[in-house]
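Chemist: Go ahead and model the full structure; you've got the sequences and the hints to work with.
Chains as they are written, first to last, in UniProt numbering: chain P, 1 to 307; chain F, 1 to 343; chain A, 1 to 327.
Hints are not guaranteed to be accurate.
Pairwise CB distance ranges, derived in the manner of DEER restraints [as the list claims (entries may be wrong)]: (1) R43(F) to P72(P): 37 to 45 Å; (2) R203(P) to I33(A): 39 to 47 Å; (3) P156(A) to K174(P): 53 to 61 Å; (4) S152(A) to R203(P): 52 to 60 Å; (5) S152(A) to Q73(F): 19 to 27 Å; (6) E271(F) to S152(A): 45 to 53 Å; (7) P116(F) to P94(P): 50 to 58 Å; (8) I33(A) to R43(F): 48 to 56 Å; (9) T10(A) to G65(F): 51 to 59 Å; (10) Y164(A) to G62(F): 34 to 42 Å; (11) E296(P) to A324(F): 52 to 60 Å.
Everything labelled a hint here was simulated from the structure, so no lab data went into it. Cβ coordinates follow ideal geometry from the N, Cα and C atoms, glycine included.
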Amino acid sequence: MITNDERERRMDPEQQSSSGAVPPPIRRIRVDTSPTVAPSRPTHAAETLRPTRGAAGPERMTIDGLSVFYGPKEAVKQVSLPIRQGEVLALIGPSGCGKTTLLRTLNRLTELTASARREGQITLDGTDIDDIEVTALRRRVSMVFQQPNPFPMSVFDNVAYALREQGSKRPSRKVLEPYVVDALQRAGLYDEVAHDLSHPALRLSGGQQQRLCIARALAAGPEVLLMDEPCSALDPKSTAVIEDLILELRESLAIVIVTHNLQQAHRVGDHVAFMYLGDLVEYAPGDELFTNPRAERTRDYVGGVFG
Amino acid sequence: MATSMPPRTPLPPLRVPGQPTGGPPPKKRRANESISTWRLTDRIGYFLMWAAGLLVVAIGLGIVGFMAIKGLQYLRPVLLTSHPQADLDQSKSGGFFDPLVGTVLLTVIGIAIATPIAVATAVWIVEYGRPTWLARVIDSGIEIIAGTPDIVLALFGLVLFQQGIFGWMSFRAEDGAVFGRSFLTAGAMMSLIALPMVFAATREGLQAVPAHVREASYGLGKTRAATIRRVLLPSVKSNISTGAALGMGRIAGDTAIVVVLLGASLRLDPEGGIFGILQGTGGTLTSYVYNNSPAGEGNAAQKAYAAAFVLLLIVIGLNFAVDAIARRGARANGIETSRLGGS
Amino acid sequence: MLDRLRQPWTDRRAELTLGALACSVLLVIAFMIAFIAVKAWPSFNANGLSWFSAKGNVDQQLDAMVNSGANPTKADYQLGAWPLIYATLLTTVLSAACALVFSLLASIFIVEFAPERLRRLIVPIVRLLAAVPSVVYGLIGILVIVPFIGGSLISPGRKESVQYVIQLSGTSLIVAVVVLTVMITPIMIAMTVDGLHSIPRSWKEGAVALGVNRWRAMWTVTVRAARPAIMAGVVLATARAIGEAIMISMVAGSKGFAPNPADGITFLFEPLRTMAATIVEDSESINAPAMQASLYAMALLLLAGGFVLSIGSWLAKQPLKKYGVRS
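Modeler: As structure tokens, then:
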């Protein structure tokens, strides 16, 4: 086991030589030092202009000492985080810092990658997710991807997909219809597609496709919704629509969202976690992390964004 | 700088060097997908799928194993070097030296005709391809040839090469009628069997050459033709070889054209030197197997097994060659080759 | 002349030369259709539409052609090829259907479910099976499967039940279909596996992330989207099955007989002969003009079948473009 101090000492000479040679630019992230991990502090309900929930809900998922390896490469290093009912947890950080890997571990999608290996524990309502049958887990912890990926079928069939395929019998269209309509309404898409539910999903616009994917995930009745940069492929207008949607959805769900967009993390995130090279650097309520970051590295990353 | 960074956390236990992916298996067994929750039809399908997969393995190993046992049981070195008996009944004596030579000759002729045409066509379609409609028509044309049964090609060859102007390819009767059956004519038709495979492999290779390679060559002031000759063709050499080896396998394994267009005779025509042989009729291992099976007149099952085993070895050898070429080519170019491509 | 060739080629000259070679492919196809059609014409001309019907014993008609001499009369061309056409359709459709089920299951196994070690074994085996010459399949068929079926599966009672119509000896429809299925399945597997691999991963992941098991996700999303590629594989394999001559002529009994489904199970044990097998077997007598015209007529039919299938495969690839999937 290498302690933090030891690590710092080893890194020291290099750090000095590099920082002494070139004056650091304003938003530069130093690659050559290990991050200072801020101790997490007790959260409190911050009164802000953002529509945050008053009190944090019960913890639904707990990530405890999670490490993920791709072959010999460690993509996520000893991360511990709580995911609470009724709030949005935003994961931010530069590309390749393990945010998406962390997200995909939460419903065991990483297991589709043969070389991936996981250590540490994740629990859902106190049960280790390894002990939950994997399809049952994914039904409870559903996921929306970066690229909208509606299936090549009609809008109705897309939303009804999970309902049709997960049970032991295929329900009739009549039984499904109210659920499909409800999911589309919750995803804010119903008014746009109500006239023709048999429209091919791939002919919708990008923003509509992503909302369709959200509706598809909602139809299965998940308890936790994972969103992997859901707006990165969309225009600003669709992004705004989806952000509003996220704020509405958190009333009934726990949401974890990965994003590159700091403003977006600030707008939707009740808690924000900053990750860097697989480390969890800082976890704090959104406002605090952006206005008063504790770790130096977090300051480097969010610095200048919020005066 | 970053490379000299010490590991932040203790290495996971038992990481075996030289094992780039995966580590030790997780200690605890995870609750993986459990089939017991599936629908009944899905469960039946799942077991049928396993059965189908294992059946493929069983059939493959069964065929190879059976042919190996029978082949080794009946194959004698003398069979490879002795001429067939000049008699329909092959059961008493005689080997299959002539058919073996016939297979080699026919394969060489076929691939020698097919390769230049296939490569030229592929280069034209990928590098020029104008007018577009013509390129598309030629593309479909090759697909049509690939889908034409060998027996139809054989009949086409027969009527084509019985035309007067092709008299030099086979032999001419006294009344001027052209016989039409010879190694040259059969080889020409065999080339049509190999052509689509060489074409497909070459085209795939050319399409995989990144645009910047061509642009770099043009940037050096080379003409398009020079780029093709000096840059593109060398870089798709392994693709061409792969396609050619696959095509040779198909030619060596074809029977219908041999029966109809080569005469499926037992011995080569020794008159007139090498060109005389090429103008004459003959047989191959495939026709030898066919004739000596209970379906043919020879009725010497043991020799059919022995010849079929040799034939199988040739075809498997060509397949190994394909793998070796593809692997070498992939290493040389850093281009990934398709998993099941070409078959 | 040689000096000129050695000089660096100009672009124009290279383009024209390569283009001309490429066009030779079209020339070959044009000649093929023309020559075969011309040779086939007398047979169609003499028989009209009844060429396609069943009239009398087709084997006797073909035998008569061999002896009809160099200047046959119209009557010598008499042929009702229905049993041969029927046999071709029967073997092709049955084996294509079996191979489709077989190859689809095996491909899903290879792509999604096979343990890594087994996958490494099965992929070369599929390639090997695709490369085994048809005559080797025929040899195994006639020396192993036919005696087994003739000796163990066909009871004497069954033989007697149809003894006035046809002799059952083991060479039969069932052997032809089984061996043909084994022959064409690897082709379909190769195409299907490529097709399944070409479907965007995100679709399968999307389905799996919704809590749908991998089997259902495979069928409802991946296989569904890969349908065009699968159809293309079916078409290619069917084209192979239609034209298979040598293997069928070895194992199917070589009788111009139309197996009768009304015979129940016995139907499977009845012999037959396809058009392609007929061409191979009667090619020795091709110098008899009447026989020649008949064989070329069958070749023309096979060629037309191949064309129809080529168009079918082209049509099958079209829906791919809507989803931006490459076949």
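Chemist: Now look at each hint and say whether the structure bears it out.
Modeler: These are the hints, each one checked on the structure:
no. : hint                           : in the structure
1   : R43(F) to P72(P): 37 to 45 Å   : holds (38 Å)
2   : R203(P) to I33(A): 39 to 47 Å  : holds (41 Å)
3   : P156(A) to K174(P): 53 to 61 Å : holds (58 Å)
4   : S152(A) to R203(P): 52 to 60 Å : holds (58 Å)
5   : S152(A) to Q73(F): 19 to 27 Å  : holds (23 Å)
6   : E271(F) to S152(A): 45 to 53 Å : holds (50 Å)
7   : P116(F) to P94(P): 50 to 58 Å  : holds (54 Å)
8   : I33(A) to R43(F): 48 to 56 Å   : holds (51 Å)
9   : T10(A) to G65(F): 51 to 59 Å   : holds (57 Å)
10  : Y164(A) to G62(F): 34 to 42 Å  : holds (38 Å)
11  : E296(P) to A324(F): 52 to 60 Å : holds (56 Å)
Every hint, counting from the list given before, is met by this structure.
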